[in-house]
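Taking the hints into account, I'd like the entire structure generated from these sequences.
Using the numbering used here, the first residue of the sequence shown is number 94, and each one after it goes up by one.
It cannot be assumed that every hint is accurate.
Simulated pairs of lysine to aspartate or glutamate, EDC-like, Cα-Cα distance not exceeding 20 Å [unchecked claim]:
1) K156 to E168
2) K152 to E202
3) K152 to E168
Calculated from the structure, these hints are not laboratory results.
Note that this is a predicted model, so its numbers are computed, not measured.
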Amino acid sequence: FEVNPRLQRHFVTFAIGFPGPTSLHTIYNTFLNGHLQHFSEEIQGMASGLVNGALNLHKDVAKTFRKSAINFHYEFNIRHLSNLFSGILMSQPENFADPATVVMLWLHE
Numbered sequence: 094f095e096v097n098p099r100l101q102r103h104f105v106t107f108a109i110g111f112p113g114p115t116s117l118h119t120i121y122n123t124f125l126n127g128h129l130q131h132f133s134e135e136i137q138g139m140a141s142g143l144v145n146g147a148l149n150l151h152k153d154v155a156k157t158f159r160k161s162a163i164n165f166h167y168e169f170n171i172r173h174l175s176n177l178f179s180g181i182l183m184s185q186p187e188n189f190a191d192p193a194t195v196v197m198l199w200l201h202e
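Pasting the structure below:
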């Protein structure tokens, strides 16, 4: 597939690579720590573990389910991680008194 150069001159082509694990951890840990400030200290201490778990799960799923001609719908990107954390960021402190409920929320998301 090739785009006619006369048409292509009107557009800019660029690509942004997937952020590295350190960047992803910093991004999501910052959001989660900010949100969990209103929760108990026990739950606040879980932030880094929840982020590490999500990043490791995403990496393993992306490695296991590779995109191919047959499975063209296997595309795992940063949007999936963002959806997971956006669900967690909707939680309210009064609904999560103990860490087990936060883990269940993480599993659900």
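Hint check results:
no.: 1; hint: K156 to E168; in the structure: 11 Å, holds
no.: 2; hint: K152 to E202; in the structure: 16 Å, holds
no.: 3; hint: K152 to E168; in the structure: 12 Å, holds
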